[in-house]
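In order, the protein sequences belong to chains A and B. Numbered according to the working numbering, the first sequence spans residues 551 to 861. Numbered according to the working numbering, the second sequence spans residues 52 to 298.
For the record, the hints were derived by calculation from the structure and aren't laboratory data. These numbers come from a predicted model, not from an experiment. Beta carbons are placed, not taken as given, at the ideal position from N, Cα and C, and that holds for glycine. One should not assume that every hint holds.
Computed beta-carbon distance windows for the label pairs [claimed, not checked]:
| no. | chain 1 | residue 1 | chain 2 | residue 2 | range |
| --- | --- | --- | --- | --- | --- |
| 1 | A | 601 | B | 148 | 54 to 64 angstroms |
| 2 | B | 279 | A | 605 | 29 to 39 angstroms |
| 3 | A | 681 | B | 285 | 16 to 26 angstroms |
Rough simulated footprint, nothing fancy, chain B against chain A, three-plus residues with beta-carbon under 8 angstroms [unchecked claim]:
| no. | segment |
| --- | --- |
| 4 | 582-589 |
| 5 | 619-625 |
| 6 | 645-652 |
| 7 | 761-773 |
Residue strings, one per chain:
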Amino acid sequence: MIEIEQLTKSYGPNHVVKDVSLKVPTGEIAAIVGTSGSGKTTLLRMINRLVEPSAGTIRIDGEDTSSQEAHALRRRIGYAIQGHGLFPHRTVGQNIATVPELLGWEKARVNARVDELLDLFQLDPDAYRDRMPSELSGGQQQRVGVARALAGEPGVLLMDEPFGALDPVIRQKAQEDLRAIQRRIGTTIVMVTHDIDEAISLGDRVAVMDDGCLLQYAPPAEIIARPATEFVGALVGAGERPYRMLSLIPVGDVTEDGSAEGKAISDEATARDAVAELLWSRRSSAPVARRGEVIGRVRLDALLEMGAAPA
Amino acid sequence: MRPGLVFRAALALVLAAFLIAPSSFAPVFRPFTQNDAPPIYLQADLLGLAAQHALLVVLAVAVGCVISIGLGILVTRPSGREFLPMSRAIANIGQTFPPIAVLALTVPALGFGPAPTFVALLLYGLLPIFENTLTGLSSVDRSVAEAARGSGMTDRQTLFQVELPLALPLILAGIRISTVISISTATIGSTVAARTLGEVIIAGLQSNNPAFILQGGLVVGAMAILTHDAFTWAEKAAARRAGRRVA
């Protein structure tokens, strides 16, 4: 659990972050979204004290972050950044081993951890351990960057535009992978992004920042349905609202008993994907399958109902 | 085998042979003498002279490295940034002030011998090492330095484990320039009684013997070329280790 209370950062008379308070429960993903200059990155960097707060407190699992040396604190907090920041003179394995080695783990434990993480990020340890970062593709570098951030088994992972340097196709895959890995290991994640789509699809909660102020901090559905200010509304985009709502709902939630014709839709797909599929194939309903087995059907009008403003 | 490597190996062999047994090269240098003057400089042991020449250069460059790299590190730290203009000025003055003038100014204080030459070489060699250290350290990718700090490295660990290894190829290039310049500049030390290979050249000038001038110049030149090549090789190795692709 991360508790941020009345956090402020000023450079002279300029307040970059103004009186921000928010809590991130253990095991959740908080996505901070805002335009450049909104203070979102400064807010993130205050959590691991790459930037020292001017006022306010941050507690991680009840412990004040200012109560220990900054570098010791950072070894307990994962940090992944845009453009990965891998050490070009160290192998993939050595990069991932950075924090465990700073923590003074035994060699055998470090090596086991490196291989475990390479496996987790779908990189064959024997093939990738001794490669140099320059020999990897952009997507692989990004995965190694996140693997390095997780190597010290941190309870908290901070991510600054982690997918910013990836092209859209790889980016979506990387986001899905991160979600899956996060569910598995249960790390609390705070991520910064300028992309509202990314914030809505990854965040359990979305924090919208503008000009140093936290405008709204709520689950994605609430951000979409009840934007706190005009700025939040504009960020979500009035024309996009129904589709964003639909993208939050799994098809499984709209499935009913019955049968339908044609190709089945996975119950894990989003309602948005299901609407697209039905429109495209000129159908009014489709079968829903869970791991290949049909469990019911989904109707277009039921799906469309989900895209309406909440009463 | 590459022709460049063969040439360098041959050059090193010839240099070694000449320094160990200079008299055997007499027929080579005889055409450059007049009136039966001696073709080979034998007033001093050439090998010993070359060793003292090299030692003077190594000492001056080593101390120059400590000062220049130290200053380069200092002015790239947040706490030392304000020293940047001053450090630049010191290194620039060292480079622009002619070494011969440094000799003239330091002899009254330090006396004749190797000391004034050491000071002249030291001052003359500061700038390339300092500027290259500065460029090397400030060209380390910001996201890499940021990742080092974010991973929990202390400032010292970031410097020694990340910044310096990545800056090493450029720092080595600075040391190379400085060393090669010093090898040739050290010859002027002989004018103030430092034992360097300049002695051979000056003896040639005084006795009007082109063979002495030629062999003094060739030995210094060969040492400079071989040193240059050794550093270039080390720079490439360091660049590879820094994860850069080397052509």
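Here's how the hints hold up against the structure:
| no. | hint | result |
| --- | --- | --- |
| 1 | A:601 <-> B:148: 54 to 64 angstroms | 44 angstroms, violated |
| 2 | B:279 <-> A:605: 29 to 39 angstroms | 57 angstroms, violated |
| 3 | A:681 <-> B:285: 16 to 26 angstroms | 24 angstroms, holds |
| 4 | 582-589 | violated (count 0) |
| 5 | 619-625 | holds (count 5) |
| 6 | 645-652 | holds (count 3) |
| 7 | 761-773 | violated (count 0) |
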